[in-house]
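Peer 1: Top line first, the protein sequences correspond to chains A and B.
In terms of the working numbering, the first sequence is residues 1 to 360.
In terms of the working numbering, the second sequence is residues 1 to 127.
Because the hints were derived from the structure by calculation, they are not lab data.
There's no promise every hint is true.
[Unchecked claim] In silico lysine-lysine, DSS-like type, Cα no more than 27 Å apart, as pairs:
{"#": "1", "chain 1": "A", "residue 1": "Lys231", "chain 2": "B", "residue 2": "Lys87"}
{"#": "2", "chain 1": "B", "residue 1": "Lys126", "chain 2": "A", "residue 2": "Lys196"}
{"#": "3", "chain 1": "B", "residue 1": "Lys111", "chain 2": "A", "residue 2": "Lys265"}
[What the hints assert, rightly or not] Derived coverage of chain B by chain A (criterion: at least 3 residues anywhere in the stretch with Cβ under 8 Å from a Cβ of chain A; other residues may be distant):
{"#": "4", "region": "39 to 51"}
{"#": "5", "region": "70 to 79"}
Heads up, the beta-carbon is just placed ideally off N, CA and C, and yes, glycines get one too.
One-letter residues, chain by chain:
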Amino acid sequence: MNNAILDVLSETLSDIILATDVKSKITYCSGAIESMLGYTPEEVVGNNLTMIMPERFREMHQIGMSRYVATGQRTLDWKAVEAVGLRKDGTELPLEISFGDYQGEDGERYFTGVIRDITVRKQLEARSQLEKEELERINNELEQFGYAVSHDLQEPIRAIYSYAELVRKKEELSSTTDIYIKNIEDNARRLEAFVKTLLKHAQAGRVVDETVLNTNDVIASVIADLQSAIKESGATITYDSMLNVAVDSTNLRQIFQNLLENSIKFRKAGVKPQIQIVSKLLYNYVQFVVIDKGIGMPDGLKDTIFTTFQRLPTKGEYKGTGLGLAIVKKIVETYTGRIGVESEEGVGTTIYFTLPKGNL
Amino acid sequence: MIPIVIYIDDSDDALSLASAIVENDKRFDLLTLRSNEELIETLKTITPDAAIIDLNLGDGMTGTILAVKLRAAYPNLPIAIYTAYEKSRVEKLVSKIELQTGKIRTWEKSKIGVADLADSIADLLKA
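Could you put together the complete structure from these sequences and hints?
Peer 2: And the structure:
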């Protein structure tokens, strides 16, 4: 590159390009300094670099430079170092500086610096941090709200079905009234189940227990809990030696419980469900895959199954609250994992998700 | 003498419901108490044969703290924690105090109700 191009480049770049000698005396400075720091290049050339640094950083700079010149030992990274600059008017601004060094034609050593004003970037970072904190606060409030509401709803619901049950137990009822009262009971029980799931959703991802556990034990205990559904459907669940993950035990249980319940629930009529769970290591994560040969789902549904309240309680063929997969997704994402689904209607569904690996 | 079972819960609805469920049961008398203060007042004149305690009693008092206090005063008192929380969540809390108090039962309100509260209380009395 010839000097003319270099001259144009250094004068048109919005970053300052400068050079100093080993004593930090500025030997060259590009025109960008005028808009960034308020000095003309002529005002700084010949002066010490510390003139564009706030007083409090000057001594440290001199010490660092002397050490480098004497020993070659760098005290900081030379690329994109964040620093504070001082304008001619005494105000400060955040800068990002990249350094280099070279030997001049005179045999002396020189340093170069590319200085960038990062005021806007810093403002954006600060705003984004504020927004993140605000979002966390709102999320926490929502979680507490959900928890309080669902917990406090349980008592009156229990009272409804319990009194209905008491009436049926203690009073002589006509057959019609008996059915009506039974309907009150059934509906209140369904409402209770829904509220319980809401509660689980509010709690999902909350870390209670830090113990790294044995994934096989967790799956075995979930299977034990699902025994009646497994027996009724004739399901077989196979899994080999599973890799361990660093996940709270309640959360890990909830993941497998919801997924296995779904695989059993959405089975083909008259066909015994066959469910397989496998795990493999993916960098710092363990990927689990839960495969079933159930009814599968149409394409349109796949995008929405992880959404909260996708299905509301129904008295239809497949009962559920529609929150199961939303709970699983919430837990997986709390642990910075990913979740996805592959499914074909009439063929089956495969859910895969990752969780951070534990002691393997 | 009919055994006296005390039931402490900060919810009037929960107390009324339990009373309605076990009403006329000849195996025990259920005495419902609204607060820790009511409990202290009652214990001045009555010695309970068993206690049922809600987990959240309001004012920072928890069923587990009360269980520890009751067992300290009556070492052989059968106690059940009666809670709206899921048993799996409560058992960890209860197992911590059991080191101090000995065995304490955990009953889920949604599981032990109209059909079996009276029998469960009768069974608790045998503990």
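Peer 1: It remains to establish, for every hint, whether it holds in the given structure.
Peer 2: Hints, one by one, checked against the model:
1. The suggested pairing of Lys231/A with Lys87/B holds, with an alpha-carbon distance near 24 Å, which does not exceed 27 Å.
2. For the hint linking Lys126/B to Lys196/A, the alpha-carbon distance of about 32 Å lies beyond 27 Å, and the restraint is violated.
3. Taking the CA atoms of Lys111/B and Lys265/A, the gap is about 23 Å. The hint holds against a cut of 27 Å.
4. Here the region 39 to 51 of chain B counts 0 residues with a CB under 8 Å from a CB of chain A, which misses the bar of 3, and the coverage is violated.
5. A count of 0 residues in the region 70 to 79 of chain B with a Cβ less than 8 Å from any Cβ of chain A is obtained; the coverage claim is therefore unmet, three being the minimum.
Checked against the numbered hints above, the structure violates hints 2, 4 and 5; every other hint is satisfied.
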